[in-house]
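Hey, can you work out the whole structure from these sequences and the hints?
Spelled out from the first residue to the last, the chains are:
Number of protein chains: 2
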Amino acid sequence: MSKIVMKFGGTSVADLERIRNVAKLVKREVSRGNQVAVVVSAMAGETNKLIGWCNEIAKAPGVNVPAIPDAREYDSVIASGEQVTAGLLAIALLAVEVKSRSWLGWQVPIKTTAIHGSARIIDIVPDEMNACLAQGEVAVVAGFQGVAPGNRVSTLGRGGSDTSAVALAAALKADICDIYTDVDGVYTTDPRITSRAHRLEKVAYEEMLEMASLGAKVLQTRSVEMAMVHRVPVRVLSTFAPENGGTLVCDEEDIVEKNPVTGIAYTRDEAKITLLRVPDQPGVAAAIFGPLADAGVNVDMIVQNISEDGRRTDLTFTVPRAELDRALEAVRKAAPQIGYKDLISDAKVAKVSIIGIGMRAHPGVAQTMFKTLAEKGINIQVISTSEIKVSVLIPEDYVELAVRALHSAYDLDAA
Amino acid sequence: MSKIVMKFGGTSVADLERIRNVAKLVKREVSRGNQVAVVVSAMAGETNKLIGWCNEIAKAPGVNVPAIPDAREYDSVIASGEQVTAGLLAIALLAVEVKSRSWLGWQVPIKTTAIHGSARIIDIVPDEMNACLAQGEVAVVAGFQGVAPGNRVSTLGRGGSDTSAVALAAALKADICDIYTDVDGVYTTDPRITSRAHRLEKVAYEEMLEMASLGAKVLQTRSVEMAMVHRVPVRVLSTFAPENGGTLVCDEEDIVEKNPVTGIAYTRDEAKITLLRVPDQPGVAAAIFGPLADAGVNVDMIVQNISEDGRRTDLTFTVPRAELDRALEAVRKAAPQIGYKDLISDAKVAKVSIIGIGMRAHPGVAQTMFKTLAEKGINIQVISTSEIKVSVLIPEDYVELAVRALHSAYDLDAA
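Order-wise, the sequence lines are chains Y and D.
For the first sequence, the working numbering begins at 6 and goes up steadily by one.
For the second sequence, the working numbering begins at 6 and goes up steadily by one.
Certain hints may be false.
No copy is singled out in the list; a pair is fine if it fits within one copy or between any two copies.
Claimed, not checked - Derived DSSO-like pairs: lysine-lysine, alpha-carbon spacing no greater than 27 Å straight-line:
#, residue 1, residue 2
1, K353, K32
2, K104, K8
3, K64, K32
4, K8, K381
5, K54, K104
6, K346, K376
7, K116, K263
8, K116, K29
9, K338, K8
10, K29, K8
11, K64, K29
12, K104, K64
Think of the hints as simulated: they come from the structure by calculation, not from any bench.
Here is the structure:
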């Protein structure tokens, strides 16, 4: 007998028929003798509808100027979406004769910080739920929500139901957290780019973290961090084809055969800014990145060339494409303090990354990447590396070509 | 400075524009220096949508047989409707610079019994809310819901938001409970039947109770009972024309001029059953009404004729028209025990009532009713009376005629 947490996203519970299908999957786990807690998102589209209402009503009457709704009220309104799904799934389970009840964030309770809209889970008190699970009752938990100090409803931010599920699995000391979604696992790269991409049986937490934050939108980054910290095995499965087996996100030690590279990730939403002839002296980085931080711009890769004359150098960095205008404005405002000669930007760039924990033990992995791209005539604009990742910035037009070439170069192509 | 509770029903908060209008009405009370708690229903249509989902998903898969959803889950799902409105109104109030926060049933808390779907309020703990009101913050309370033992969400049944509002007013010791709805008060009779109907300035709790239970659908009966017990003055006002003034539902002592008859109520949803030649002996009433009670039939008026020979008599009673078939079946099953000779029923009957606390002090009020109906050639089939009410059963076709004639006879016609 195992204790498992199953999580179903918005598309998996988009209508009553799909909720019935989820009930079937849950029943199967129960009939295998497992104790089951289920975490659900809102029905697809509901959260966006509620957010739209909140934003609309927050406007001052008679003027059509965007306004930010009070975060506590916003949370209380949008948390209702998961409340509905949780109740409906509990009813659907009872209809197929599975003992079940719903749990809202405040009922568990799932205690969070007071940062409404993107609260963090502080504590989950699992005693009452554990008692119910022990009696064979399925716990259907409203994802994405918790209770903040002062007994206010809080939400965890976009994709927060993944985090709810992993945190619950940790609190319940579950054997596994199964994340049911609309893809059947984590792939070596985006299957839309190459048909040779294949599903990974296992992926290490660290690798998944890099993949999640680099644009493979399977799991929310925070949920992977939490799984890693609490050592919760997470499995990504398809709601519509669970028999495919999915991908297990687990501890590095549980992966026997470690390839140098596990997967190729990419993200198109990049922009590059280069400051030409910046004074090469202490304090200049602060003069540039201070104003950017103040403007809420997330700087990613940074490269500074060697200065030829010891006095002036060029400095390049990347930002999310959506933040490019804001970034340029901040830099231009700070021009007197920075003292650059010229400013150029490029919104047509993309980032391609190779990821693999095996990299640590295999020298020359990066070299293969550079050689492969060079052979295809792709110019690398910026490079950044970590222990288990090498990322390069390239012109956006070459993304597919680069990903396919790297996929082959690292022997990831499916047989 | 007064402390007031304002309640807005589903049509008053049906969309964002109407919620903005409600915010305006609330702001007006706040700017008069009042402490304000607002109770809201779900947006019109939302509750029915959620109920539909619950009923649909409660069916066993593959069969289209109606099934009753688990009442606790049902409550948790449908309570989400008021949660959304409460949050949206709080945001709308903040947008017009009125300090405000929403309160869900469990947050107040509004403690109820565990009879999910039609729970009764046991206790409201107003301390925290009072502290907020004292600081000039408007409390926006989700109506219709509470928290049952075991920390489960409960609902109060159809129209329960009226009860929420009155109970809250009692707990807060509010000076008045204003019920905003789509009519501008309580009328002497249904204005669709006679244009001479006029709005009552005041009506006593006892009268309102009779009117509510007799088909004047302005206030939910339980809310009137609760107002009467706790002596909460309730005012019925139009959301869309509050300047009209509304009707105050209050203590009998607060009404100076007491007419013999205050209003004429009617209900068409009646059916009549007559058992002919029933044995006139002890125990026969129990033999008839026991099985009806077991079948869940609500018997209203009962008349037993004087028996001519001391052995057999005729017995007539009325039931809601929707329960007629069930009632007939129950009686036929019990035929051997009852021993009647024949059974006749009539679904084309209606009940017309005159109501007035002044009746107690004015003899001959009923006689005016009988005479008026006789003059119009309307046959009275059954009569039942209470201290402040006389009801008669008549053929349904004569309802409008009877109401108009009585309205004139009791000097209720507007000038």
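Taking the hints in turn, this is what the structure says about them:
For a Cα distance limit of 27 Å, the shortest separation of K353 from K32 qualifies neither inside one copy, at 49 Å, nor across copies, at 51 Å. For the homomeric pair K104 and K8, the shortest alpha-carbon distance inside one copy (16 Å) is at most 27 Å, but the shortest distance between copies (46 Å) is not. Proximity of K64 to K32 under the C-alpha cut-off of 27 Å is restricted to the inter-copy arrangement: shortest distance 16 Å between copies versus 46 Å within a copy. With identical chains, the CA atoms of K8 and K381 are never at most 27 Å apart, being 50 Å at best within one copy and 77 Å at best between copies.
Taking the shortest Cα distances, K54 and K104 sit within 27 Å of each other only across copies (25 Å), while inside one copy they are farther apart (32 Å). With identical chains, the CA atoms of K346 and K376 are never at most 27 Å apart, being 34 Å at best within one copy and 104 Å at best between copies. In this assembly of identical chains, the alpha carbons of K116 and K263 never lie at most 27 Å apart, being 38 Å within a copy and 58 Å across copies at closest. Taking identical chains as interchangeable, the C-alpha atoms of K116 and K29 are never at most 27 Å apart, the minima being 30 Å within one chain and 35 Å between chains.
In this homomeric assembly, K338 and K8 never come within 27 Å of each other (Cα to Cα): the closest approach is 56 Å inside a single copy and 53 Å across copies. Only within a single protomer do K29 and K8 lie at most 27 Å apart by alpha-carbon distance; the minimum there is 18 Å, versus 52 Å between protomers. In this assembly of identical chains, K64 and K29 lie within 27 Å of each other by CA distance solely across copies; the values are 14 Å between and 43 Å within a copy. Taking the shortest alpha-carbon separations for K104 and K64, only the inter-copy value of 15 Å comes in at or below 27 Å, while the best intra-copy value is 45 Å.
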